[in-house]
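Chemist: What follows is the residue order along each chain.
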Amino acid sequence: MNTATGFDWLHGRGGYAYGKALKEDARRYYGCRQGFGAQGTMVPNDDTFCELDPKMKDQWGIPVLRFHWKWSDFELRQVLHQQKLIAELLSAMGGKFSGPPETADALKVIRAGGAVIHEVGGAIMGERRPNSVTNRWGQTWDVKNLFMADGAPFASTADKNPTLTIMALAWRAVDHLIEERQKGNL
Amino acid sequence: MKPETHSRSLTRREAIQWMLTASASLAVSDSLGAAAAGAQGGPAVTPPRGYGLDPDMVRVYQPGALWPLTFTPEQRRTVIALCDVILPADETSPAASAVGVPDFLDEWVSSPYPAQAPDRSLLLEGLAWVEAESQQRFGRDFAALASPQQTAICDDICHPGRAKREHASAVRFFKRFRDLTAGGYYTTPEGMKAIGYQGNVPLADFPGPPMEALRHVGLA
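Top line first, the protein sequences correspond to chains Z and S. Residue numbering for the first sequence follows the numbering used here, beginning at 657 and increasing consecutively. Residue numbering for the second sequence follows the numbering used here, beginning at 871 and increasing consecutively.
To be clear, the hints were calculated from the coordinates, so they are not data collected in a lab. Hints are supplied without guarantee of correctness; some may be wrong.
Stated by the list, open to error - With a straight-line cut-off of 30 Å between C-alpha atoms, the simulated DSBU-like cross-links for lysine-lysine are:
{"#": "1", "chain 1": "S", "residue 1": "1063", "chain 2": "Z", "residue 2": "816"}
{"#": "2", "chain 1": "Z", "residue 1": "711", "chain 2": "Z", "residue 2": "726"}
{"#": "3", "chain 1": "Z", "residue 1": "676", "chain 2": "S", "residue 2": "1034"}
{"#": "4", "chain 1": "Z", "residue 1": "800", "chain 2": "Z", "residue 2": "839"}
{"#": "5", "chain 1": "Z", "residue 1": "740", "chain 2": "Z", "residue 2": "752"}
{"#": "6", "chain 1": "Z", "residue 1": "800", "chain 2": "Z", "residue 2": "726"}
Next comes chain Z alone, as it looks inside the complex:
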């Protein structure tokens, strides 16, 4: 219900068009806005993790999770690259810039950690027991008969929707499970 505001803005008149001018604006400007948004992947780093809070407990007396977060150069340089690329796309489309893109400080551009996410991870898979919860099959190191077949074993999130990867990992885990069961290992 605010579409007409966009017409005023595109026309740059400052006021609220009505009458013949509004009808002309609607014909001229409807559907001609173009927006870009960029998303990217985050690589796990040693400064970003969660742990049990040593002091704070929830209403049932269970320790709550405490989160630590730090962007690395990987994410921040990705942001600058995205900005550069979007600027190129806009220029190629014939766009003009009313102000320069923010490129000096990527931290000003990137959204806060956790703002645009799929909730995966927390019990990551890995090759070695000391730095992972499950092996490559989603089988937990600590409990041999426990397989995790959801998003928890993700070691990172590839930005895109995780469901198909979850399904693929579950499929692989089940194939392995059947094989091991037939060998009598489970």
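Dock chain S against chain Z, hints included.
Modeler: Here is chain S on its own, set in the frame of chain Z:
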């Protein structure tokens, strides 16, 4: 709606109605913190509370069928006149009042949704201002004014940067009234036609992607 027995299978329409009823019941219960709705095997039979259940999506409602309308005959005349100053008929498309925009505005300000409550007072107070201004300046109802007189009043309140300070709330009214008028107008078939909006069009058959597109991706 009565829960169905299992002696016959549900039609698709009944199934959709069931789901709508169930989800609406849940939403109402959740908002009131009441006990769980949704009896097993059928929809919850909960009396409507708040502003009731979702509309029946397969029924055609007339203005005023869901809640009492608001505009008095005098307000309605002003609304019709102002709508048509904002979106008049031209050689390509009809005027706002010809496609039911005054009905839409009455529905909008009469609805019980909390998000629309501010629009109700803004529009009703704004309409009163337009009438008073019209009487004071020209001694007649806004609807009875000549076109240049109507435009003179609108020009005073259509630009926040240039409007007089005492017109600040009338400016807010004008913007919202105009946006709602445009929103109502351009969601009608006539309004969509006016801007060349085609939308999704069902095809009787699908001849496949054009050769140009296939060549572009290396498949032809």
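Chemist: Within 30 Å, alpha carbon to alpha carbon, are residue 800 (chain Z) and residue 726 (chain Z)?
Modeler: violated, 33 Å
Chemist: Given the hinted pair residue 676 (chain Z) and residue 1034 (chain S), is their Cα-Cα distance within 30 Å?
Modeler: holds, 24 Å
Chemist: Given the hinted pair residue 800 (chain Z) and residue 839 (chain Z), is their alpha-carbon gap at most 30 Å?
Modeler: OK: residue 800 (chain Z) and residue 839 (chain Z) at ~15 Å, within 30 Å.
Chemist: Residue 740 (chain Z) and residue 752 (chain Z): Cα distance at most 30 Å?
Modeler: With a Cα-Cα distance of about 14 Å, the restraint between residue 740 (chain Z) and residue 752 (chain Z) holds, given a limit of 30 Å.
Chemist: Measure nothing beyond the straight line between the CA atoms of residue 711 (chain Z) and residue 726 (chain Z); if it is 30 Å or shorter, mark the hint as holding.
Modeler: Holds, because 22 Å separates the two Cα atoms, which is no more than 30 Å.
Chemist: Holds or violated: residue 1063 (chain S) with residue 816 (chain Z), Cα cutoff 30 Å?
Modeler: violated, 37 Å
Of the hints listed earlier, those the structure fails to meet are numbers 1, 6, in rising order.
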